[in-house]
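Engineer: Given next are the chains, with one letter for each unit.
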Amino acid sequence: MILSSKEKGHTMKFITIDKKDWAKGIENSRKAYQLFGPVKEKNGVLIKNLEKGVLPLMEYTDSVMSAKSVMFPQSEMILKTTLDESKEDHHIMKRVDTNYSPRAVVGMRPFDAKAIQLVKMNFDTKDFRDPYWCDAYEATTFVGLAVNKPGLYDFSTSAGSGPFGEDGLDVLLADMDDKYVAKILSDKGQDFIDIFAVGTSSDEKESQVLFDVLRKEAEKNIASAIETDKLKDKTILYLHEAPFWDDVAFSCINCGTCTYVCPTCWCFDIQDETKRKASTRFRNWDTCMSSLFTSHASGHNPRDAKTQRVRQRFMHKLKYFPDKYEEGIMCVGCGRCVKSCPVNIDIRKVAKTMNSYENKE
Amino acid sequence: MNTCTKRIREIASALLEKKEVEKVIGFATGTIPMASNPIVVTSKQDVEKLVFNSTCGLNLANYIRNHKGKIAVIAKGCDARNIVTHVIENQADREKLHIIGVPCSGMIDKNKVASLFKDDIVEFIEDGDTATIKSATKEETINKKDYLRHNCSLCTHKNPVIYDDLACDEGEEQSLEIPYPDVDAIQSLDANAKWQHFQELTKNCIRCYSCRNARPLCYCPTCFVDEAGPQWVGKGQDETDVNTFHFLRAFHCAGRCTDCGACVEACPMDINVRDFTRKLNKDSFELFGWEAGLDTTRRPPLDSYSPDDPNDFIK
Amino acid sequence: MENPYMPYPVRIDDIEIATEDRSLKTFKFVFLNKEDEEKFSYQAGQFAELSIPGVGEIPIGIASSPVEKGFVKFTVFRTGVVTTHLHNMKVGDIMGIRGPLGNWYPWEKLENKNIVIIGGGFAFTTLRSSIIYMLDSANRNKFKNIDVVYGARSPGMLLYREELFEWEKRDDINMHITVDGTDDPEWKYHTGFVPQIVEQNAPKADDDTYAIICGPPIMIKFTQPSLVQLGYRDDQIIMSLENRMKCGIGMCGRCNIGKELVCKDGPVFTLEELNQTPKEY
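Residue numbers (our numbering), protein chains in the order written: chain V, 1 to 361; chain S, 1 to 315; chain W, 1 to 281.
If you are wondering where the hints come from, they were derived from the structure by calculation, not from laboratory data.
The beta carbon of each residue, even a glycine, is placed where N, CA and C say it ideally should be.
Check each hint, because a few of them may be wrong.
Said to hold, decoys possible - Derived lysine-lysine pairs resembling BS3-like cross-links, with alpha carbons at most 27 Å apart:
id: 1; chain 1: V; residue 1: Lys42; chain 2: S; residue 2: Lys118
id: 2; chain 1: W; residue 1: Lys279; chain 2: V; residue 2: Lys306
id: 3; chain 1: S; residue 1: Lys44; chain 2: V; residue 2: Lys352
id: 4; chain 1: V; residue 1: Lys230; chain 2: W; residue 2: Lys279
id: 5; chain 1: V; residue 1: Lys126; chain 2: W; residue 2: Lys259
id: 6; chain 1: W; residue 1: Lys259; chain 2: V; residue 2: Lys306
id: 7; chain 1: V; residue 1: Lys220; chain 2: S; residue 2: Lys138
id: 8; chain 1: S; residue 1: Lys118; chain 2: V; residue 2: Lys19
id: 9; chain 1: V; residue 1: Lys87; chain 2: W; residue 2: Lys34
id: 10; chain 1: S; residue 1: Lys110; chain 2: V; residue 2: Lys339
id: 11; chain 1: V; residue 1: Lys216; chain 2: S; residue 2: Lys138
id: 12; chain 1: V; residue 1: Lys220; chain 2: S; residue 2: Lys118
id: 13; chain 1: V; residue 1: Lys126; chain 2: W; residue 2: Lys39
id: 14; chain 1: W; residue 1: Lys259; chain 2: V; residue 2: Lys324
id: 15; chain 1: V; residue 1: Lys87; chain 2: W; residue 2: Lys90
id: 16; chain 1: W; residue 1: Lys279; chain 2: V; residue 2: Lys352
id: 17; chain 1: W; residue 1: Lys259; chain 2: V; residue 2: Lys349
id: 18; chain 1: V; residue 1: Lys80; chain 2: W; residue 2: Lys39
id: 19; chain 1: S; residue 1: Lys110; chain 2: V; residue 2: Lys149
id: 20; chain 1: S; residue 1: Lys134; chain 2: V; residue 2: Lys216
id: 21; chain 1: S; residue 1: Lys138; chain 2: V; residue 2: Lys149
id: 22; chain 1: V; residue 1: Lys339; chain 2: S; residue 2: Lys145
id: 23; chain 1: V; residue 1: Lys80; chain 2: S; residue 2: Lys203
id: 24; chain 1: W; residue 1: Lys259; chain 2: V; residue 2: Lys352
id: 25; chain 1: V; residue 1: Lys339; chain 2: S; residue 2: Lys118
id: 26; chain 1: V; residue 1: Lys306; chain 2: S; residue 2: Lys68
id: 27; chain 1: W; residue 1: Lys259; chain 2: V; residue 2: Lys120
id: 28; chain 1: S; residue 1: Lys118; chain 2: V; residue 2: Lys48
id: 29; chain 1: V; residue 1: Lys277; chain 2: W; residue 2: Lys90
id: 30; chain 1: S; residue 1: Lys70; chain 2: V; residue 2: Lys306
id: 31; chain 1: S; residue 1: Lys203; chain 2: V; residue 2: Lys52
id: 32; chain 1: V; residue 1: Lys149; chain 2: S; residue 2: Lys134
As the list claims (entries may be wrong) - Facing chain W, from chain V, some residues (calculated, C-beta under 8 Å):
id: 33; residue: Ile78
id: 34; residue: Arg95
id: 35; residue: Thr125
id: 36; residue: Asp130
id: 37; residue: Trp266
id: 38; residue: Cys267
id: 39; residue: Ile270
id: 40; residue: Thr294
Excised from the complex, chain V in its bound form (with noise of 0.2 Å):
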């Protein structure tokens, strides 16, 4: 075990890591990681397990998945048993081996960090842990790219997070022409980068300073924001009966891509699937979108409308998860459902209506 969980202080140590180094620094981190990172593909940047000699993407605007998946697999094994009533264990179920080595994500968006600690809300909690992303998450070092000029889709600033935002990383790199300059956050952060072992130690005020003009450069770049403040202010009830979700739904066609592309959503289904005698237990990316994510097994469906399901989608994220958690929105403002909704519903306009609903009655 590479990774020590204890604290070793507070460390703000920052490494310059020349251009030229970088994939043998990549090349050591492979002896001690499972590395996984940005790769482009036909269908977009992905976040991806880097295989043999893949190097992490480091210059991309938006990638179309998040980094979720890394704790969070769209399909997952997590129990597993044999249907043979031959064999004495049979019908009784057991863990699925999972490889939880050290990990390392590399050069993930700083939002994608911050929606990871998110997500952790709801699957560490003091009731009960989730043990398969808990254990993955444990496992993973979190190495971010910051982001010298944010996308059009970016509003990360109003959402909590933003270029340079720090939360939920091991590491953060900024790109500087020629070099990485690397910030150490943590002790994991500091093990990853001993591992990498290229670099050297730079000035830790000198390096702050850079790091904030490069930040202070790209938070300008930043046009749009989503608008939340007032949302405290009125009630769960007083939201969701509000008029204008008819109009808010009526061009979704109820796929789940806003929430699949999504950093911060985490709900899944749990699926029983059988091969011959074995069995296995999977769960899987679920979505509020589909009416089959409430549909009782009599046919009575709570959420039967498609108004109804994509008012979920904004309450959950606006209102139920700051109301119960009272740690803000759940969006980072990464704006990839923006971007990929076929139908151009748009999170920042939702929110804006709602943030300025008023009932004049």
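Following the hints, put chains S and W in place on chain V, whose structure we already have.
Structural biologist: Using the frame of chain V, we list chains S and W on its own:
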């Protein structure tokens, strides 16, 4: 504002004013460049929201089911063909539909346009046959016809086949010597290469079902992928299950698909699911001389039975 | 902390047909490992996931009572894929139980109070658990008057008939058994719908009286006005909800009503609490 948009607004406004329809279904300008947003307009002042341009790539026939009163709908060539299909399949009552037909000059391929830029497009302005596109770092002017979606470049039914009003003049239809070059190319592959092609095609499908939901053909109350008793297909990412979804979805559309391209437009993973449906369209054409959505009096070939069917198995 | 998705292995010890139409069966399970029974320590009102490998899981209220040892019991209505499969299983089969899950009726708050239990149809399972718990000699003196209104379509559709008639004979519980209708001339209990029997027989509200309601939505809808008529405040009306669930531990996201998760923050809520949430159940 283009003349077509202007005319759509005039027609919509008159229909609402005279209370001939309760609502008008059309497109509004999106919140992001190259996007449009299907909307429903019920009042005269909201008519100003209606637009029509080459980013209106979804199919509005998808929005005409389950309305009580009479509605108007904006229909480009393929939307109109899907309205015909809806009428044949009893999903829409022709009497309760006022179709505002829009002869279409094709929808732009948003990915192809985006590929001209390294950074995000921040502005897309159309002017007749050209469009000017800006990102933070550069500006490009394109001829729209060079950047049409693949289905639009092969379209032979740009003019609505059915309408009550026309929003602009009809254009000349192209005739194609080779109507299915893409299908021919796949057909010419050997079995292994074909298999490889389709494996590559559906790789990274996230099963969001936006292809299914964007197309007007899929209106089953419970889709076979959602059916729990019996469960026809697994719900995970196993490639057999992913492919089963795509294959069956395509077969359910045989003889009904108008190649409107809404499925591809909607796919967040840029999967050209038309590779499946186009083959079936070609077969329908070659085996039955059939193109979907051209005639409100004839049912699709795989949906009709006749005692003099030449095949023995059906007797 | 243990894996909350891991079911305890159990063996089906007994299967009893619970209603005349055979749509409900009561399953008695024993834990394969004795120590699991201790881990599965529950309160009346909680539920569990019945877990059939290869088929799936289904959330069901626990019908046995914490005071009954050596087994757990669930009465299951045959309706979907998992329940249909379960109905076809036989004594001796191995499956799993995951839980206990959710909150329970607020037993501490209910101490030294009069309790009115109102149930309809097959939503009587956790109410049975509650009655057995309260009637247990160790607990009976913790509660004041206990009234039970329970109705079903016909005598043959009443769950736990023998127990009902036993309770009827006791003097420390007031039973008001009713059926919608019957042609049995021997039927010696009430005839009529639950709301009406509540109005006629349930005690009037006072600060020390609480009502617990479980039943089909239609019964709940019409029983509420009866309780209001009798003077019950919203915080004195306690209800148990059902929603589609998968994980049962508040993570999978589908059973929420507003910010409350029915599986974890519920299934038991007061009407006062429910009045603050969207009616998405």
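Engineer: Run every hint past the structure and note whether it holds.
Structural biologist: Comparing the hints with the structure gives:
Of the pairs offered as hints, the one joining lysine 42/V and lysine 118/S holds, with about 15 Å between alpha carbons and a cut-off of 27 Å not exceeded. At most 27 Å may separate the alpha-carbon atoms for a hinted pair to count; lysine 279/W and lysine 306/V meet this at roughly 16 Å. Using a Cα cut-off of 27 Å, the hinted pair lysine 44/S and lysine 352/V holds, with the two alpha carbons roughly 24 Å apart. For the hint pairing lysine 230/V with lysine 279/W, the CA-to-CA distance comes to about 24 Å; that is within 27 Å, so the pair holds.
Between the alpha carbons of lysine 126/V and lysine 259/W the distance comes to roughly 17 Å, so the proposed pair stays at or under 27 Å and holds. With a C-alpha separation of about 19 Å, the suggested pair lysine 259/W and lysine 306/V falls inside the 27 Å cut-off, and the hint holds. Between lysine 220/V and lysine 138/S the alpha-carbon distance is near 19 Å, which keeps this suggested pair within the 27 Å criterion. Only pairs whose Cα atoms come within 27 Å are accepted, and lysine 118/S paired with lysine 19/V is accepted, the gap being roughly 21 Å.
A hinted pair counts as satisfied when its Cα atoms are at most 27 Å apart, and lysine 87/V with lysine 34/W qualifies at roughly 21 Å. A C-alpha spacing of about 12 Å is found between lysine 110/S and lysine 339/V, which places the hinted pair at or below 27 Å, so the restraint holds. Our distance criterion of 27 Å between C-alpha atoms is met by lysine 216/V and lysine 138/S, whose separation comes to about 23 Å. Taking the CA atoms of lysine 220/V and lysine 118/S, the gap is near 20 Å; set against the 27 Å cutoff, the hint holds.
Using a Cα cut-off of 27 Å, the hinted pair lysine 126/V and lysine 39/W holds, with the two alpha carbons roughly 18 Å apart. Straight-line distance between C-alpha atoms of lysine 259/W and lysine 324/V comes to about 6 Å, which keeps the hinted pair within the 27 Å bound. As the CA atoms of lysine 87/V and lysine 90/W are separated by approximately 18 Å, the hinted pair is consistent with the 27 Å bound. Proposed proximity of lysine 279/W and lysine 352/V is supported: the alpha carbons are some 25 Å apart, at most 27 Å.
Proximity of lysine 259/W to lysine 349/V is assessed by CA-CA distance (about 22 Å); at most 27 Å being required, the pair is judged to hold. Between the alpha carbons of lysine 80/V and lysine 39/W the distance comes to roughly 22 Å, so the proposed pair stays at or under 27 Å and holds. Under the criterion of a C-alpha separation no larger than 27 Å, the hint pairing lysine 110/S with lysine 149/V is consistent with the structure, at around 22 Å. Of the pairs offered as hints, the one joining lysine 134/S and lysine 216/V holds, with about 24 Å between alpha carbons and a cut-off of 27 Å not exceeded.
Under the criterion of a C-alpha separation no larger than 27 Å, the hint pairing lysine 138/S with lysine 149/V is consistent with the structure, at around 15 Å. Annotation: proposed proximity of lysine 339/V to lysine 145/S holds, straight-line Cα distance about 24 Å (limit 27 Å). With a C-alpha separation of about 26 Å, the suggested pairing of lysine 80/V with lysine 203/S holds against the 27 Å cut-off. For the hint pairing lysine 259/W with lysine 352/V, the CA-to-CA distance comes to about 21 Å; that is within 27 Å, so the pair holds.
Distance check on the hinted pair: lysine 339/V and lysine 118/S sit about 16 Å apart at the alpha-carbon level, within 27 Å; holds. For the hint pairing lysine 306/V with lysine 68/S, the CA-to-CA distance comes to about 17 Å; that is within 27 Å, so the pair holds. Taking the CA atoms of lysine 259/W and lysine 120/V, the gap is about 17 Å. The hint holds against a cut of 27 Å. Of the pairs offered as hints, the one joining lysine 118/S and lysine 48/V holds, with about 22 Å between alpha carbons and a cut-off of 27 Å not exceeded.
For the suggested pair lysine 277/V and lysine 90/W, the alpha carbons sit about 19 Å apart, so the restraint of at most 27 Å is met. Restraint check: the Cα-Cα separation between lysine 70/S and lysine 306/V comes to about 21 Å, which is no more than 27 Å; the hinted pair holds. Distance check on the hinted pair: lysine 203/S and lysine 52/V sit about 20 Å apart at the alpha-carbon level, within 27 Å; holds. Between lysine 149/V and lysine 134/S, the direct Cα distance comes to roughly 16 Å. Compliance with the 27 Å bound is thereby established for this hinted pair.
Given the 8 Å rule on beta carbons, the hint for isoleucine 78/V holds: about 6 Å separates it from the nearest Cβ of chain W. With its C-beta approaching chain W no nearer than about 6 Å, arginine 95/V sits inside the 8 Å limit, and its interface hint holds. Among the interface hints, the one on threonine 125/V holds; its C-beta lies about 7 Å from the nearest C-beta in chain W, closer than the 8 Å criterion. For aspartate 130/V, the shortest C-beta to C-beta distance to chain W is roughly 6 Å, which falls under 8 Å, so the interface hint holds.
Taken as an interface hint, tryptophan 266/V checks out: its beta carbon lies about 7 Å from the nearest beta carbon of chain W, inside 8 Å. With 8 Å as the threshold, the beta carbon of cysteine 267/V comes within range of chain W, its nearest partner Cβ sitting at about 3 Å, so the hint holds. At about 5 Å, the closest approach between the beta carbon of isoleucine 270/V and any beta carbon in chain W falls short of 8 Å, and the interface hint on this residue holds. Using the Cβ-Cβ criterion of 8 Å, the hint placing threonine 294/V at the interface with chain W is satisfied: the shortest such distance is roughly 5 Å.
In summary, this structure violates none of the numbered hints.
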